[in-house]
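K.L.:
Given next are the chains, with one letter for each unit.
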Amino acid sequence: MANLEAESVLVIDIGATQTRVSLFDTVEGQYRFIASGVAPSTLQAPFRDISEGVYRAIDHLQEITGRLVLNGDSQLLLPTQEDGSGVDHLFMTFSGEPEARIITAGLLNDVSLESAQRLANCTYGKIVESISLTDHRRTEVKIDAILRANPDLIILTGGTEKGANRSVLQLAQLILLVCRLLPIDKRPEILYAGNQSLAEKIKDAAERWTRVHVAPNIRPSIDVENLSAAEEALNSSLLRLRARQISGFDHFSQLCSAPPTPSASAFGRVIRFLSRVYDPAKGVLGVDVGASHSVLAAALAGDLSLHIFPWGLGKTMPAVLDYASEQDVQRWLPLEIAPNIIRDYLWQKQLYPASLPLSAETLAIEEAVLRVLLRSAMRQAAQRLPWEMPRFEPILAAGAVLTQTGHPGRSLLALLDGLQPVGVTTFILDPNHLATSLGVVANTIPLLPVQVMESGAFLNLGTVISPVSSVRSGNPALKVRLEREDGDVSEVEVRSGRLATLPLAPGQTGRIHLEPLQRTEIDPLHRRQARDFKVVGGLCGVVIDARGRPLRLPANVNQRRELLNQWNESLNV
Amino acid sequence: MLAATTHILPLTHIRRARLLPSAGSVLVKVGQSVTAVDVIAEAPQSQRHVFINLRNALRPPAGSNLLKLLVREPGENVQAGDVIAETRGLFQRVLRAPSDCKIIGISGESLLLEMPGDLFQLQAGFNGQVVEIIPERGAILENDGLLIQGVWGNGHTGLGILHVMANAPGEAFTASQVDPTLRGAVVFAACCNEESALQAAEETALHGLILGSMPSNLIPFAQSLSVPIMLLEGFGSIPVNSKAFHLLSSSAEREVSVHAVPWNAANGERPELFIPLPASGEIASEVAEFAAGQTVRILGSPYAGQIATIEDVLPGSTQLANGLRAPSASLLLENRQEVIVPLNNLDVLE
Numbered sequence: 001m002a003n004l005e006a007e008s009v010l011v012i013d014i015g016a017t018q019t020r021v022s023l024f025d026t027v028e029g030q031y032r033f034i035a036s037g038v039a040p041s042t043l044q045a046p047f048r049d050i051s052e053g054v055y056r057a058i059d060h061l062q063e064i065t066g067r068l069v070l071n072g073d074s075q076l077l078l079p080t081q082e083d084g085s086g087v088d089h090l091f092m093t094f095s096g097e098p099e100a101r102i103i104t105a106g107l108l109n110d111v112s113l114e115s116a117q118r119l120a121n122c123t124y125g126k127i128v129e130s131i132s133l134t135d136h137r138r139t140e141v142k143i144d145a146i147l148r149a150n151p152d153l154i155i156l157t158g159g160t161e162k163g164a165n166r167s168v169l170q171l172a173q174l175i176l177l178v179c180r181l182l183p184i185d186k187r188p189e190i191l192y193a194g195n196q197s198l199a200e201k202i203k204d205a206a207e208r209w210t211r212v213h214v215a216p217n218i219r220p221s222i223d224v225e226n227l228s229a230a231e232e233a234l235n236s237s238l239l240r241l242r243a244r245q246i247s248g249f250d251h252f253s254q255l256c257s258a259p260p261t262p263s264a265s266a267f268g269r270v271i272r273f274l275s276r277v278y279d280p281a282k283g284v285l286g287v288d289v290g291a292s293h294s295v296l297a298a299a300l301a302g303d304l305s306l307h308i309f310p311w312g313l314g315k316t317m318p319a320v321l322d323y324a325s326e327q328d329v330q331r332w333l334p335l336e337i338a339p340n341i342i343r344d345y346l347w348q349k350q351l352y353p354a355s356l357p358l359s360a361e362t363l364a365i366e367e368a369v370l371r372v373l374l375r376s377a378m379r380q381a382a383q384r385l386p387w388e389m390p391r392f393e394p395i396l397a398a399g400a401v402l403t404q405t406g407h408p409g410r411s412l413l414a415l416l417d418g419l420q421p422v423g424v425t426t427f428i429l430d431p432n433h434l435a436t437s438l439g440v441v442a443n444t445i446p447l448l449p450v451q452v453m454e455s456g457a458f459l460n461l462g463t464v465i466s467p468v469s470s471v472r473s474g475n476p477a478l479k480v481r482l483e484r485e486d487g488d489v490s491e492v493e494v495r496s497g498r499l500a501t502l503p504l505a506p507g508q509t510g511r512i513h514l515e516p517l518q519r520t521e522i523d524p525l526h527r528r529q530a531r532d533f534k535v536v537g538g539l540c541g542v543v544i545d546a547r548g549r550p551l552r553l554p555a556n557v558n559q560r561r562e563l564l565n566q567w568n569e570s571l572n573v
Numbered sequence: 001m002l003a004a005t006t007h008i009l010p011l012t013h014i015r016r017a018r019l020l021p022s023a024g025s026v027l028v029k030v031g032q033s034v035t036a037v038d039v040i041a042e043a044p045q046s047q048r049h050v051f052i053n054l055r056n057a058l059r060p061p062a063g064s065n066l067l068k069l070l071v072r073e074p075g076e077n078v079q080a081g082d083v084i085a086e087t088r089g090l091f092q093r094v095l096r097a098p099s100d101c102k103i104i105g106i107s108g109e110s111l112l113l114e115m116p117g118d119l120f121q122l123q124a125g126f127n128g129q130v131v132e133i134i135p136e137r138g139a140i141l142e143n144d145g146l147l148i149q150g151v152w153g154n155g156h157t158g159l160g161i162l163h164v165m166a167n168a169p170g171e172a173f174t175a176s177q178v179d180p181t182l183r184g185a186v187v188f189a190a191c192c193n194e195e196s197a198l199q200a201a202e203e204t205a206l207h208g209l210i211l212g213s214m215p216s217n218l219i220p221f222a223q224s225l226s227v228p229i230m231l232l233e234g235f236g237s238i239p240v241n242s243k244a245f246h247l248l249s250s251s252a253e254r255e256v257s258v259h260a261v262p263w264n265a266a267n268g269e270r271p272e273l274f275i276p277l278p279a280s281g282e283i284a285s286e287v288a289e290f291a292a293g294q295t296v297r298i299l300g301s302p303y304a305g306q307i308a309t310i311e312d313v314l315p316g317s318t319q320l321a322n323g324l325r326a327p328s329a330s331l332l333l334e335n336r337q338e339v340i341v342p343l344n345n346l347d348v349l350e
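Chains as they are written, first to last, in my numbering: chain B, 1 to 573; chain X, 1 to 350.
To be clear, the hints were calculated from the coordinates, so they are not data collected in a lab. Treat the hints with care, as some may be off.
Quick look at which bits of chain X chain B covers, simulated, 3 or more residues with Cβ under 8 Å [said to hold, decoys possible]: (1) 75-87; (2) 136-147; (3) 287-300; (4) 338-348.
Calculated pairs, SDA-like style, for lysine to any residue (alpha carbon to alpha carbon, straight line, at most 20 Å) [what the hints assert, rightly or not]: (5) B/Lys201 / B/Pro183; (6) B/Lys186 / X/Ala23; (7) X/Lys102 / X/Glu76; (8) X/Lys102 / B/Leu182; (9) X/Lys102 / B/Lys201; (10) B/Lys162 / B/Ile222; (11) X/Lys102 / B/Ala145; (12) B/Lys186 / B/Ala149; (13) X/Lys243 / X/Ala172; (14) B/Lys186 / X/Glu114; (15) X/Lys102 / X/Pro44; (16) B/Lys186 / X/Lys243; (17) B/Lys126 / X/Ala265; (18) X/Lys102 / B/Pro183; (19) X/Lys243 / X/Ser285; (20) X/Lys102 / B/Ile184; (21) B/Lys186 / B/Thr210; (22) B/Lys186 / X/Gly75; (23) B/Lys186 / X/Ser317; (24) X/Lys102 / B/Leu176; (25) B/Lys186 / X/Arg48; (26) B/Lys126 / X/Ala172; (27) B/Lys186 / B/Ala145.
Values in this document were obtained by computation on a predicted structure and should not be read as measured data. For each residue, glycine too, the CB sits at the ideal point set by N, CA and C.
Okay, chain X solo, but in the shape it has when bound (with noise of 0.2 Å):
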């Protein structure tokens, strides 16, 4: 059967498309080498748009053709000022651009202009070099190193030295661990459970938060602060798996990127930190199938985060303890303990 994957490497070469959601401009080229933070490139967003009466603000004469009165084409860009309006004749009346905008068209009597929005910038999300250029959409990027795949993020993409907090998977994370001298710093912490350790890392301008997991009310809270938070297992009191903790633990003082992006299931994009090595590594395949032998990660509780090893695929269902049946695997946890667990709580770790 398919696996859920989920990549916990020490070294592995990553190579990610990084794409604008509409047409725009790229920044970058082949070759260049780009940190995780810079911009590669760029879209317009959220454009408004404005109609104006001709007929109200030029007052031509009846019967007038509005559209003769255009003195631009539909699809010009205009600077604020520029006339693209005009009567002739002795009274000239002129309409001039509000601001930089593109003339639309002419709908009824009223010139539709478009105000430039926002501009989407697309980040690196981590330290690579540029590969390909997918014209006015984007680039892929690629480089070796440490990566550790999250499962949610708050949408935010960071860079710093890595500072680890965490002295065991459980541990809570606290406001008063976080002091000025952290500013700048990635920080790695097990358990947070309180705002307070969140409102702390934005007011020390971290520059990004690992987390193994948090309690789901503070999702709000999470997502409205500019810090990159990212969570290793999800939500609750989860200790972070014991693969991800010794990886962190012995990667401290070393620059880390924390692209927390939400994670998307249908386009597989999903929370990542990536720590850049001078060595090179393998590809890590994207599908698995269950066999005995796989290190896995279990979900959900009693057994939530735990590490283990798969003894046996069972063949067809098993009756589990609270009597539903499932496709199962017989596993042994790092406490030597064995379990029985279905397949869809497993993901493999590769």
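So here's chain B without its partners, still in its complex pose (with noise of 0.2 Å):
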């Protein structure tokens, strides 16, 4: 139950580029979002200290609204004061940088090591090294091993409850030794995640040489993973460390009405959130592409499953060529650029990652980027979703990348060429960067996110069918038909390979009916879809994707750059 004493709520949000504040307030009793200052981040050289970087982007925030929330020796006023100024609640929110270092320790490579990996990817961190049983190397290789990694955190799993646990213990053993090498400051922290009948001896004995955690086993039987438990740990662990790493952390965090939470985590809190609020025989998806890294959560009927890829459009753009091929990368671009350019251009991104692309060549390979990594993100989040691929409905896009395009159409044939979604969904768009600031306020006022939401904060971009069709490129495979609250209709006949756009307004409603041809399908999961349904319009109008998935590009060079082009001009790209 909200605090209805709390009126006003400030969200800061440490980004690796970017420092964004935003400010929530009652309108006539109802929480809404009022305004964002950014700045750049100064966590790095030559502040190394997130305080100059919040205190421009408060001052950005007052410039735009009027409104004092500091006072004259630049403290933040807390609570609201008697002439209006200040606020009642602070929270914050960080990702990526720096990236924590990390080590899985488990006993089986496909057990419990996984579910270990799987966890470490819950967060922003690297995976620098994993120990198993089955490691074949000879102790003292593995131990420095793990010195030479310079872990920041070793999380320690292993053992079914009522299973193994001398072989845990003997890992457990390994890893203190390691701490015993190192001197105090540079002994990672230990996250306990196994077999809870050896969490106190583990603690005990590991407590004298460095910090334990101890959380519920995140796999309690061999089909059982339960990593959500373990999560809130790990958060806790990054936390601290960035409070060491980055002067003003501390400083910022007691001052917060809740603890500060990773941009991910509080991201994935709404996508849960808006998974319970929505049709539960389909998921809800965000993506969130940012700088450094980018966020794929995925929830069915309030179960998270939660991504994060060491990949962004800022200064880990060329890890493109980790998990593409230029090839890739190529394949989406509509003009003629040379690999090498391409090459480069990832090269000085590396160097210079808030710069933006200026000329259309430049613009066009990040647009090509961002295809690859969506893509990438997709299938790799596809093996590791706990249950089979659901129907999305809605997908929530953040990140500039996707939200500061210039253009919605720019913004939705990104997100349908990267994510190909298949049936009927809805894309949405969040240009205010709120739902990380919803997720992390929603424990402490969970009427604050509900509001603010239901007043409209995200832009609505539109409603995507994709019908699947096994119909000849070009030959007809859906009449859509459609009629808008105001008498208007209008109807279209799409051919298999082509993007079509019903004009919708946004906010302005219309019935739509679907009329498949044949060979095709509006979706092949969902065979009970209805044909004939009420759309509510958006940025893009209604848009029928008929291009088949999955998106299948010409080989042929000019014939593939053609098609490109003509899709972004079906967008009005």
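From these two lone chains plus the hints, build me the complex, please.
P.N.:
Written out as structure tokens, the structure is:
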């Protein structure tokens, strides 16, 4: 239940390149998003302290709103003052920099170790070494490998409940030996999430050397995995690491109404919430593409699967050549760009991650990389989902590369090309990066995110219908009729391989009638999908994507470029 | 808005902390003059560990307390051949240190030894004077002179006489330009497109190679070489910016240090070249705000590497030709052309 005396909330988000502060307040008794202020992040040199970036972002917010949040000594005014200045609550989220160096340790590669790795993938970390019982390296070689890896955190798992004891203790012993060898300030924290009957013993033995946290067993039995409880402990470890690594973190943390939360976790909370609100037969998908990391959050009826990838469109842009190939990027280019130009641009972006593409060429490269990133993330996430890949509705997109494209059609086309949904879905944009803010506030003021979302804080890009058809390209696949509430009617026959749009302004409602033609299904997974349903307009209207799944691009480069340009034109890009 | 800055300065006072990644020994004293390649501190790294099963090695009687077999203490350093454990009695057996090592302790039935690894040696990075010692970690050095910061380095440091090979900011650097008389020199060239040119630099034992740019596919090769290589502009075929070009062209035959470390955005360490000068400079500010009148370098094609002057920082966000919107500034290029560029693509030269 909301504390109704808490009327105003400020959320700080510390990103790799940008710091944002978002203000929420009550308007006519309802929580509303008021405004955001942004400034370059200052967690790196020369400041190496988040404070400067935070205060500059707040200054920007104060300029926009005319409302004072800082006093004359640049201190946050908490709570709201009599003159209306200040805020009642402060929250904070943070993302991937610097990345935590994580070692995973488990008994069996395809059981506890795999779960430990999935747990590590739920946070802003990099697995720098893995140790298991099946690891045939001599003990001293493992010790040297762990030391060389210079870990911040070791996730130790293993042993189902009432399972292996001795092997887990052997692993623990190895880890403690490493801790003994390290100076106290270099010792990694340990997160133990294995056989709970050993928890106290391991904690008692390890606490002499380093900080230990115990979380519920992430693999309580062979066929059960439970990451969510351990995720909280992992986030706490990451928070402590940040506080040690980055000046200013502690100062703001102490002012917060709840512990600062990794941005991805906060984002995931909102996706999980939406999955409980929307059609339980469908999942909800959230994608957030940042400068150094990307997040893919999939939720089905309240069950969240969170995936963080060390891929972004800033500093980590060259990493596209690790998870994909140059040819994968080239396939998405609507104009000719030599491979060396592409490579050089990726590496130059690593030097200047905040720089923007200035030319049509460099914009095309970034848009191509974005598609490859989204596609690769979906593929990897699909393999890690605890359930069969559902249909998603809605799909929420965040991150400046998706929300600040200057044209809604450009944003939508990138999402369609990368995510390639099937059936009926709705795409929503989060241009003010609110999902993360709402997620961190949710546990403390549950009413705020609900009311803010209801107020239309997100932008509706539109409903997209993506039928599956085996009809030859260019032949009719689907007839669509849209009856708007004002009586206007639009009809279109959509050909296989094409995109089509029907205008329906944001907020306007209509009724859509679908008539799949031969060898075409709206959604093979949901054969009972209604062919006649209400739709709400978005920035791109109603879009029919009959290009097929998976998208197949012509091998011939000229044909391919022509097709890509055609698709751009279809969405008025 | 806060601006990214790069120092391209004819005269400045630099103060740099050189620190070991872990505790070690500092080899210099306050007041000492050092050259760029002098080792000012060192620390052990990459130690190896060895387990020796005491029961197998010494075959003590059953039930023996293995800890009591040790004749040296955990934490002690021993030399190769020193007795570290022994049994007593009629059939004495000894265990000797296989090499110089440190005794860590006993784990189970095994004795853990730590063998010394390589020594990480921290170089000064530029000719200067030691002004402060940071115990076990390093020192702070200072000097006055010409400073140019780069954007990429292959991790090495060198010192030599500057040889200016570039006649124009975008001129190609080729292997045929490198001759044996350049041995020990630091060469300033513009754009390197060929592996053979880098190979020639290595074979001629240059003490440094300062380039404007090179293709990114040469990165692995450049990293494999021992000649320090530093880029001023980045990857591709980007001409050297005019400010750096003029400064370097007019500094031929001076002694220059090339500290070609990778750019670490977290702690601010960048590749730098430095020419000491017999004059006093001011410490350059690391922080700048965008303002009219500033000299900036543009990042990203089609204006990559060009120097311009900010005419006006535009309010709000401006729509660019490619449709993106961003806070921007109107600039006057050196060729008098006026352009609008996002602030994110500007590097203030201070």
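K.L.:
May I ask which of the numbered hints given earlier this structure violates, with the numbers listed in increasing order?
P.N.:
1, 2, 5, 9, 16, 23, 26
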